Every structure is written in C-alpha cells, then in structure tokens.
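Q: Here's the letter readout for the chains.
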Amino acid sequence: MKDNPIDPELQDLLASVTEHGRNQRRQQKLLAQIDKMEAEEMRLQKKRRPLWWVATTGIAASMLLVLTIKPQQQPLVAHNNTSQPLRIQQTDSMAIKVNTPSSLASSAPSVSAQARVSMTQLPAANGPQTMPESNAELLSEPTDSMIVTTPSSVELFADNLADIPTDITAPTSDRPVIKTVRATLGTESQSTESLRIKNETFAFNLALGPKEEEEMSQNSKFKPLIVNNL
Amino acid sequence: MTSEVFKKMIVTYQPDMQRMAESVLHDPYLSEDAVQEAMIQLWQQRNRLDSERNLRALCVTMAKRRSIDLLRKQRPFQLIDEEALEIPEPTPNNIEERYQKAMKIIERLPSIQQKALLMKYEEEKNTEEITRELNISSTNLYTILSRAYAALREMMKNEK
Chain A
0 MKDNPIDPEL
10 QDLLASVTEH
20 GRNQRRQQKL
30 LAQIDKMEAE
40 EMRLQKKRRP
50 LWWVATTGIA
60 ASMLLVLTIK
70 PQQQPLVAHN
80 NTSQPLRIQQ
90 TDSMAIKVNT
100 PSSLASSAPS
110 VSAQARVSMT
120 QLPAANGPQT
130 MPESNAELLS
140 EPTDSMIVTT
150 PSSVELFADN
160 LADIPTDITA
170 PTSDRPVIKT
180 VRATLGTESQ
190 STESLRIKNE
200 TFAFNLALGP
210 KEEEEMSQNS
220 KFKPLIVNNL
Chain B
0 MTSEVFKKMI
10 VTYQPDMQRM
20 AESVLHDPYL
30 SEDAVQEAMI
40 QLWQQRNRLD
50 SERNLRALCV
60 TMAKRRSIDL
70 LRKQRPFQLI
80 DEEALEIPEP
90 TPNNIEERYQ
100 KAMKIIERLP
110 SIQQKALLMK
120 YEEEKNTEEI
130 TRELNISSTN
140 LYTILSRAYA
150 ALREMMKNEK
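Chains A and B are the protein sequences, given in the same order. Going by numbering that gives the first Met the number 0, the first residue of the first sequence is number 0, and it counts up by one from there. Going by numbering that gives the first Met the number 0, the first residue of the second sequence is number 0, and it counts up by one from there.
If we strip away everything but chain B, and leave its shape as in the complex, we get:
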C-alpha cells in the first residue's frame, strides 16, 4: 500500500477510530493518542493491508486495542471487559450532513460573521486570536457573533 493510499484510508476511517477510542477512554486527548498509536502500527503493517478485505474493521479494532492498552496503563488494577467494548457502528453520515447543512446556512451570512463563527467553532480559536486576526475589538466580536446567532436562528426557522 502506497503512502497516498494509506493517507486516504486514515482520513476515511479516522472518525470511526476516534469514536472507538473515546468510547473506551472517555477522554478526547487520550483517544487522539490511541488513534495515533494505532495509525503507526497500521503504517508498519501497510504492506499487508492490500489483501485486507475489511479495512474499516481492522482500523477500528486496532484503535480499540491501543485504547485498552492505554487504559490498562492508567488503571492497572481495574478489570476491563473487552467483550463489552463493541465496535461502534460506522460514523453516522448525519454528522457530515449536519455540517454541510450548517455550512450552507453559514455561507448566507455576511463575510465577517462567517469568519467569526468559523474561527470560534470550527477552528476553536479564543477571543484574543479572533480579534487579532480580524483586527476588531472584543466588543465588536461580541456584537458580530450575536447578530450571526440571530440570523442563523431566523434562517433555521424559515427552513422549517
């Protein structure tokens, strides 16, 4: 498996791996570590992945094992019922659908409101970063976001 194909595979199954890891570890940051370790293991075995039929199951199982390993390191005296940790269903497409729907609505907003919303929610930047990048004051940002919420609410009502 070439590097490009491997990257595509990781991008495709990363949400599922992340969900699996979070269901075991209940910690988004530890889950990221578990997914990363699983990805390294998959990279080392990538020459054998071409013959693998169910890549998603393999990726998710790998993430589950690494998550359990991390959990055992954190809680060495706690029994872990591995059987109870079922592989979750594939990442529901409604997350992607909801994102696309949200973006359609957000795109109708004025440019400054779009930028402020995406920087706050998608990029998770703090107020200081946003005001510096948009070259506006924090009061201005507050006003812009308030107007954006109101517009979104109105648009969602109209769509119903």
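One chain only, chain A, in its complex shape:
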C-alpha cells in the first residue's frame, strides 16, 4: 500500500501522533517492569518471612518456658521470705550428716537419717512449717544448722539426743553452737527427760517475739537470749 504524498504540515502533525504513541508504549513497558520488580521484592520478602517467624516463635517459646519454670523454683531461692517451707530444714539436715564422724555411722543410726525421718513424719495437716525471718537466716548458715533450729528442729534434737553418743554432743571448739546451747540448757548432767522439757521451753521462747521472750526470761532460769545472739 502506498501512502498519498503528504505535505510537511500534515506529516509533522502525524509525526507528533506517532511520537506520542511510541512514548505511551515505552511508558507502558517501564510501568510493567516496575510492577515486575515490585512483585519480585514482595516475593523475596515473603521468602525471608519464615526465618523471622521461626526466630520470633523460638524467642516466644523460650520466654514462655522460662516463665513457666521460674515460679516452681521460687520457694528454694527466696531465703528472705518470712514463711520458710520445711524443705529448708531438710537442707540443713545435710549439714548434720557432714558433721557426724563416719566411725559412728556403723554403730548408731545417723542423726541426719533420724532427723530426716522425723521431719517426714511431721503432721501433714499443719502444712509447711513457718518461722520468723531471723531464724530463717540462721538456718542458712551450714555449720550451725544442726543446733540452731526452729522449734521443731530443737525438738528433733532433743528426741534424738539420748541416742547420740556423747562425743558428738560434747562441746568442741569447732562446734561453738553446740557448746552454747548445752551451756544454756545445762544438759551435761541432766537426764533426757529434763532436757526435753527445757528444750520445749526454749522452743516456745523462740516462737515468741523479743518482747515476750524478755518477759519470759525474767521468770525463767533458762536464758534463750543466748541463742538469739547467734
């Protein structure tokens, strides 16, 4: 097909139409290219997303694990709480085992074993035994834990005192607490029965506050204040 001869003006007019059409097509190509690049970026972002999800889920799971486990450990960690569970005393009974000479273990049942049995036989209805904060702090000291006790552990000691050989209960320089308590209670020449009574009184004094304790000590020949000085 041959075009009719076109004058320059008309040719120029049609050329502007052609140029406009070309630019339109080029722009369409470029816009399609932009859409492609945008889609590619989105695809790459979606590919990366699973890694983020795994990381976030992992962190969340570990935090959840920490939060669920931590409350179970709290009673063991919190020594300064005013209400101490009986488990602390069981920990102290380990110190008794350490202080007991190994030669005596064959002849008589160990103090620690008996103490452990006695503590397990405590009435469950009472629930966890509580004690004042000052006594709880004393219990955390390993060397004195055998003697420096809550009322219940003093009773345990009194119950088992008769079975313990004299060389264990004898005051020594490395067991100053034993020495102090014994000196206070005067058990060296007294019977087991009187010791029980005195220990019960001592335990009662421990359970009282400092004010009541002072009043009691004025009317008593025993002086549990020495124990408080520990």
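The reader is advised that the hints may include incorrect statements.
Chain B side only, calculated, beta carbon under 7 Å to chain A, not exhaustive [said to hold, decoys possible]:
#1 Arg18
#2 Pro75
#3 Arg97
Stretch-level coverage of chain B by chain A, calculated; a stretch enters the list once three of its residues show a Cβ under 8 Å from a Cβ in chain A [what the hints assert, rightly or not]:
#4 19-26
#5 31-45
#6 62-74
#7 98-112
Since the hints were made in silico from the structure, they are not lab data. In this text, all values refer to a predicted model and were calculated from it rather than measured experimentally. Just so you know, even glycine gets a beta-carbon here, dropped at the ideal spot from N, CA and C.
Since chain A is already given, all that's left is putting chain B on it; use the hints.
A: Frame of chain A, contents of chain B only:
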C-alpha cells in the same frame, strides 16, 4: 518513595530520558534499553529519591550515564566526550500541544478514518493488522486513509 509515586515520576520524565539517550546513542531501540536500565537503577535507590530536589535532572543524568555505558560497550575504542553531551532542555511542550491539536482535528473525522489513522500512526500497526481488526480489505484501507489525509489537509487550511 512509594511505587505509585515512582511510576508517576517515570511517566513524567520518560520523554526527557528518552531524548537524552537518543542524543547519545542515535538509536531508538538502544535508547529504550538505556532508559530501562536507568529506571531500574532509580528503582533500587527510590528510598533516597524523596530528598532529591531536582528529580528531572537526576533521571536524565542517570539515562545519560547508562547511554554512555552502552555506547562504550558497543564502541570500546572510541573516545567519548562526556562534557559535550549536555542535558537537553525539558521536553518541549509543543510536542504534547501538537498532539492535542492533531487529535482535535482527527476527532472531527468519521469514525472509521479516525480508527485507521490512529492504528497506523499512533499504534504503528501494519496494513495486515489494521485490515484484520477493522474487517476491511487493504484497498478499502487505502481509500479510507486517502480520504482522511484530504480531510485533515482541508481542516488545517481552514484553521489557518
């Protein structure tokens, strides 16, 4: 810069970029490649374009650099005086004005003549495509175009 804003920017400055590329490469198809590469580079840097004051200069400069790169690939042993390649003036509005003027005249033509002219000159379709789409013979198309030229010529004379 969002994708939509970027698209608007490209549509606005594409004619200038194309002119710059054609002035360096003297080839419309290579120029299109250069503009496309420049556009990709701009897309990768689009987060920094918001703070750019003169977007047109940036776009045209980018097209110029890509055109020179393409020219160096084609003619590795030819020296290119980059300083001589000045950024052209903004695309003259008279192209758009002329297009609008032409369209005003073309719109006065009968519908079949309008379609045939636009398909031939704006869409740059060949005779076979036009005859197939308009469902006419090539002789018919020749006649339609001849009449359209004559009518346009007459209208332009009358406007003068």
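Q: Each hint needs a verdict: does it hold in this structure or not?
A: Each hint tested on the structure:
no.: 1; hint: Arg18; in the structure: violated (10 Å)
no.: 2; hint: Pro75; in the structure: violated (28 Å)
no.: 3; hint: Arg97; in the structure: holds (4 Å)
no.: 4; hint: 19-26; in the structure: violated (count 0)
no.: 5; hint: 31-45; in the structure: holds (count 6)
no.: 6; hint: 62-74; in the structure: violated (count 0)
no.: 7; hint: 98-112; in the structure: holds (count 6)
The structure does not agree with the numbered hints 1, 2, 4, 6 stated previously, though it agrees with the rest.
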